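Novice: Going down the list, the protein sequences come from chains A and B. Residue numbering for the first sequence follows UniProt numbering, beginning at 1 and increasing consecutively. Residue numbering for the second sequence follows UniProt numbering, beginning at 1 and increasing consecutively.
Hints were generated in silico from the structure; no laboratory data involved. On a predicted model such as this, the values are computed, not experimentally measured, just so you know. Misleading hints may appear alongside valid ones.
[Unchecked claim] With a straight-line cut-off of 30 Å between C-alpha atoms, the simulated DSS-like cross-links for lysine-lysine are:
(1) A:K233 <-> A:K250
(2) A:K213 <-> A:K169
(3) B:K168 <-> A:K309
(4) A:K250 <-> B:K250
(5) B:K129 <-> A:K169
(6) B:K168 <-> A:K47
(7) B:K168 <-> A:K129
(8) B:K47 <-> A:K169
(9) A:K213 <-> A:K168
(10) A:K250 <-> B:K233
(11) A:K129 <-> A:K169
(12) B:K169 <-> B:K36
(13) B:K47 <-> A:K168
(14) B:K233 <-> B:K168
(15) A:K233 <-> B:K250
(16) A:K129 <-> B:K169
(17) A:K168 <-> B:K250
(18) B:K213 <-> B:K250
(19) B:K213 <-> B:K168
(20) B:K169 <-> A:K47
(21) A:K168 <-> B:K233
[To be verified] Sample of chain A residues at the chain B side, in silico, Cβ under 8 Å:
(22) V74
(23) E76
(24) T78
(25) K191
(26) A254
(27) L257
(28) G267
(29) Q278
(30) V289
(31) K291
(32) R294
(33) F295
(34) G297
(35) F298
(36) T299
[Unchecked claim] To be clear about the criterion: a stretch of chain B counts as covered by chain A if any three or more of its residues have a C-beta under 8 Å from a C-beta of chain A, and this derived list gives those stretches:
(37) 197-208
(38) 298-304
Every residue gets a Cβ at the ideal spot worked out from N, C-alpha and C, and that includes glycine.
Number of protein chains: 2
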Amino acid sequence: MTLVRNKQVILRNYVTTFPKDSDLYVTSTTASVKFKLPAHTIITTSKEPAVIVKNLYLSCDPYQRLFMEEIPGVDESTYSQRVYYTPGSPIYGYGVAEVLDSHHPDFKAGDLVWGTTNWEQYSLITTPKSLNKIQHTDTDVPLSYYAGILGATGLTAYVGFYEFCSPKKGENVFVSAAAGAVGQLVGQIAKLMGCYVVGSAGTKQKIDLLKSKFGFDDAFNYKEESDLDVALKRYFPEGIDIYFDNVGGKMLDAVFLNMSVHGRIAGCGMISQYNLDQPEGVTNLMHLVYKRIRFHGFTVRDHYHLHPKFLDFILPYIQSLI
Amino acid sequence: MTLVRNKQVILRNYVTTFPKDSDLYVTSTTASVKFKLPAHTIITTSKEPAVIVKNLYLSCDPYQRLFMEEIPGVDESTYSQRVYYTPGSPIYGYGVAEVLDSHHPDFKAGDLVWGTTNWEQYSLITTPKSLNKIQHTDTDVPLSYYAGILGATGLTAYVGFYEFCSPKKGENVFVSAAAGAVGQLVGQIAKLMGCYVVGSAGTKQKIDLLKSKFGFDDAFNYKEESDLDVALKRYFPEGIDIYFDNVGGKMLDAVFLNMSVHGRIAGCGMISQYNLDQPEGVTNLMHLVYKRIRFHGFTVRDHYHLHPKFLDFILPYIQSLI
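Produce the complete structure using the sequences and hints provided.
Specialist: Dropping the structure here:
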C-alpha cells in the first residue's frame, strides 16, 4: 500500500466579514492517503460507493466565501451534500481530477473527471454524483478548461443565461461582476446570441478587458458611479431585458428600477453581500410586479445533466480558436 | 340624443401615505353622457374604436391605492394603457358593465362585459381591449360574480397560483393577505389541488373566517407575531413550497428564510408597502439563490386569454354550490 504526503488547504476557523490570508493554511506534513480503496465497498454517508482521485486543477470561486461560515436556514438538505467547510479540514471547490481507484460503477481508474473535490493533492470523494466524467479524447482543448469554461464556470453561465433567461436576438443584457469567471462568459454567450451586452466591474483594467477583449458592447466601473440608477439609464435607455446577477445588494436594487416589462433575472450569486455583517436592504422589489419580472435563483449543481448540451454548444467555438 | 347625469367618484389630489376619505369625492351634477356614439368612428388614443357602457358592478381592489400617485419608473408603456388616476377625473377599476353603443367590432349594444371601467354610472371606454365579453347565458351564476371570483379577482388567483406556481398535491402553500379577495380564492384553489394551506391576515375575525369558512388548514394573525420567521417555522416546519405574495416587506423577507428548495413565489402585490414614504428594505434575497427559487411577478392584465380556461376550471365548483 502506497502512502504519500498529501498537501492540503485547510480552513482555520469560520470567517466573518472579509477573509484574511490567515483564515486558511497549507499543511503537507501529517495527512496521508491510500491510493487504493479497501477490497470491500465503502458505502459513504451519501450512500454512494467512494472514489479516490488525484486532483489536477482547482478553481477559486466566489461561493467559496459563503461556505466559510454557517448560514442560518441553509444546511445539507439545501444542496443534498455538505455545505460548510469544516475548520481544521480542507476546503472544497470545483476542479479537474484523475480517478485512481473507484468502487463506483460510473468511474474507473484512469478516468478524468470535473466536479466538486477538495483542495488537496489526493481526495477520497464520498459524493461521486458531484463528479462528471470528461470525454477528453473527443476534444483537443487543454484539460484545465474543465476547471473553467468547460466545467462548472461555463455551465453556470450557460444555464443561468441561456436556459433561464431565454435570450432573444437584439435584447438588452446587463451582467454584473462581468469580468469574473462566470460574468465574462455570460457576456460572450450573449454576444453569440445577438444581444446588446453591458457589464459592470470594479477596476479600470477590468473595464478595458470587457470592452477590448471580451467583446462587451460597453462596460462601466460601478465604483465611479455615484448613482447606479443613473448609470443604468445611461446604458439602457430602453430598459434591461435580461440581468445576470452576480452581486445583489445596491446594484440589484437599481436594476429593478430599470428592468423592461417581462424581463428576466438570473440569480447566480450576490457577492457584494458575502462579507457584510448584515445584508443590505433591497427596496425596489415591487418593480418585479410592475414589470412582471421572472427572477430565477439557481445553482449549477442542479443542472449537470445539461453539460452535454452545453458542450455541443460551446466546443465548436473553442475549437475554432485553437 | 339623451343626456343624463353621470354620478362619478373623483380623485381630488394625488395621495401620499394612507388615503383619507377626503382624497375622493362624488359628483353628480356637472357631468353628462351621450348614450350613442357619433356616427363616425371614434379612433381613440389607444387606436381602438370606442365603446359606451353602463356600469353595473365595481370592484374595490388594493392596486387602486398604487395608482393614486405617480410611481418612478412606471408609466403607460409599463401596462400599455393609462396607469395613474388623474386628479379631477373618475378613478378606474375592474367592474361589470352593459354595452350601450359600440364602434368596436367585438362588442355590440346589449353585450355584458367585465374589465377595466371607470367609477361612474356611464363610461366612454377608449381601451376596449380591457373589456371581456361575458357569455352569461351559459351560466346561472349572479352577474356580480364577474366583478369578483369570475372576473379579474378569480383570474388573478388562478393565474398566479395555478399557472405560475405549478402546484403539486401535498405541497405546502402560504398565502398572505389571505382573507383578501384574491387570497381567499388562492387558498381555496390550493385546497382543491390537494395542498396544505396556511394564510396570514390582520384580525381575529379574518383568521376565524379563513379556518371556519374558507377551508384553510391553518391561519395566523401577523400582528400578534413578534417574529414572523418563528411564526412561519411553526406552520411550515418542512418549508414553504409555494408562496402567494400579496404583501411584500417584512413578511416576504421572512418567507425567503423559510422557502423549500425549488420553491415558487407568485408576486401579486405588496400592500404593506403602498402607504409608506419609502419601501422597507428586504435583506434575505440570497435565499432565492440558496434555495433556487422562482419569483414571478405578474398582473392579470397580461393573462385575459386564460379566462376561458379559468372558467372551465372554476364554474363547475360554483354551479355545484348554487
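Novice: What are the numbers of the hints the structure violates, in ascending order?
Specialist: As far as the earlier hints go, 11, 12, 17, 21, 23, 25, 26, 37 are violated by this structure, in ascending order.
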